[in-house]
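Engineer: Letter by letter, the chains look like this.
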Amino acid sequence: DVKVTQSSRYLVKRTGEKVFLECVQDMDHENMFWYRQDPGLGLRLIYFSYDVKMKEKGDIPEGYSVSREKKERFSLILESASTNQTSMYLCASIDTGTSYEQYFGPGTRLTVT
Amino acid sequence: RKEVEQDPGPFNVPEGATVAFNCTYSNSASQSFFWYRQDCRKEPKLLMSVYSSGNEDGRFTAQLNRASQYISLLIRDSKLSDSATYLCVVTSLTGGGNKLTFGTGTQLKVEL
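So the protein sequences, as listed, match chains A and B. According to the numbering used here, the residues represented by the first sequence are 1082 to 1194, in order. According to the numbering used here, the residues represented by the second sequence are 200 to 311, in order.
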């Protein structure tokens, strides 16, 4: 079974703090994604990566950066957290070999106070 | 215009009913199409892929109309356990990778 894990289920941070969200997948997938999900707005793509050290902006990259130093790990960084970044963050990886099925981690609910 | 649009619902239906959801997409170069299911406070999970010829998986039927740029999901004989949010997903090639764009989801509530 594909497993995508995220470092925290719940996180509370203060405005201005630097926040790291870690995601690890164990299926050797090349493509990995970070989304945020908000009521009424659905899943919105922040960044994705199609290979180690490669990244591409999604629809809402402002205020975020990413790091992909190893194939299995994709990190999302909030350089200076703000209250409008309070959200559910979901990491995913994709099987591009056959089904293009996207496997999600359990999510991190981040609250910025 | 949003890349992928869905009616947010909720669709409230009695058990045993047939219910259909539609989803429209704006990028005519979109390549692959999927329906995902998301339960409350859980991550999305793949329900089924959508093929041009249409495909069926038990009580679920998915169809794609490329000319009109929409996909549909039909659920027959609804069960209480079908209550969830159904997300339409469209993929496209960008840069060196595949980008998936999600609709905002359609909420289904199946009632006794």
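Keep in mind the hints are simulated off the structure, nothing from the lab. No experiment lies behind these values; they were computed from the predicted model shown. Cβ atoms here follow ideal geometry from the backbone N, Cα and C, with glycine treated the same way. Be careful, since some hints might not be right.
According to the in silico footprint, chain A covers these stretches of chain B (three or more CB under 8 Å from chain A) [said to hold, decoys possible]:
hint : segment
1    : 207-216
2    : 220-226
3    : 252-265
Simulated restraints, written as ranges between beta carbons of each label pair [unchecked claim]:
hint : chain 1 : residue 1 : chain 2 : residue 2 : range
4    : B       : Ser251    : A       : Arg1090   : 38 to 48 Å
5    : B       : Asp256    : A       : Ser1161   : 37 to 47 Å
6    : A       : Ile1141   : B       : Cys239    : 40 to 50 Å
7    : A       : Ser1163   : B       : Tyr250    : 20 to 30 Å
8    : A       : Lys1152   : B       : Leu292    : 17 to 27 Å
9    : B       : Arg240    : A       : Pro1142   : 24 to 34 Å
10   : A       : Thr1167   : B       : Gly253    : 12 to 22 Å
11   : A       : Asp1109   : B       : Cys239    : 29 to 39 Å
12   : B       : Ser251    : A       : Ile1141   : 48 to 58 Å
13   : B       : Asn254    : A       : Lys1094   : 39 to 49 Å
Engineer: Just tell me: holds or violated, for the beta carbon distance of Ser251/B and Ile1141/A against 48 to 58 Å?
Structural biologist: violated (31 Å)
Engineer: Return holds or violated for the Cβ distance of Lys1152/A and Leu292/B against the range 17 to 27 Å.
Structural biologist: Roughly 20 Å apart at Cβ, these two residues keep to the hinted range, so it holds.
Engineer: So does Asp1109/A sit 29 to 39 Å from Cys239/B, Cβ to Cβ?
Structural biologist: Since Asp1109/A and Cys239/B have Cβ atoms about 31 Å apart, the given range 29 to 39 Å holds.
Engineer: Given a hinted range of 12 to 22 Å, is it respected by the beta-carbon distance of Thr1167/A and Gly253/B?
Structural biologist: violated (41 Å)
Engineer: Quick check: the segment 207-216 of chain B, covered by chain A? Criterion 3+ residues, Cβ under 8 Å.
Structural biologist: violated (count 1)
Engineer: I want to verify a distance hint. Is the separation of the beta carbons of Arg240/B and Pro1142/A within 24 to 34 Å?
Structural biologist: holds (26 Å)
Engineer: Is the distance from the Cβ of Ser251/B to the Cβ of Arg1090/A consistent with 38 to 48 Å?
Structural biologist: holds (39 Å)
Engineer: Three residues or more, CB to CB closer than 8 Å: is that satisfied between the segment 220-226 of chain B and chain A?
Structural biologist: As far as the segment 220-226 of chain B goes, the hint is violated, because 0 residues have Cβ atoms under 8 Å from chain A.
Engineer: Quick check: does the Cβ-Cβ distance between Ile1141/A and Cys239/B fall within 40 to 50 Å?
Structural biologist: violated (24 Å)
Engineer: Please test the hint of 20 to 30 Å on the beta carbon pair from Ser1163/A and Tyr250/B.
Structural biologist: violated (43 Å)
Engineer: Are there three or more residues in the segment 252-265 of chain B whose C-beta lies closer than 8 Å to some C-beta of chain A?
Structural biologist: Check failed, 0 qualifying residues.
Engineer: Do Asp256/B and Ser1161/A keep their Cβ atoms within the hinted range of 37 to 47 Å?
Structural biologist: holds (46 Å)
Checked against the numbered hints given earlier, the structure breaks hints 1, 2, 3, 6, 7, 10, 12 and satisfies all the rest.
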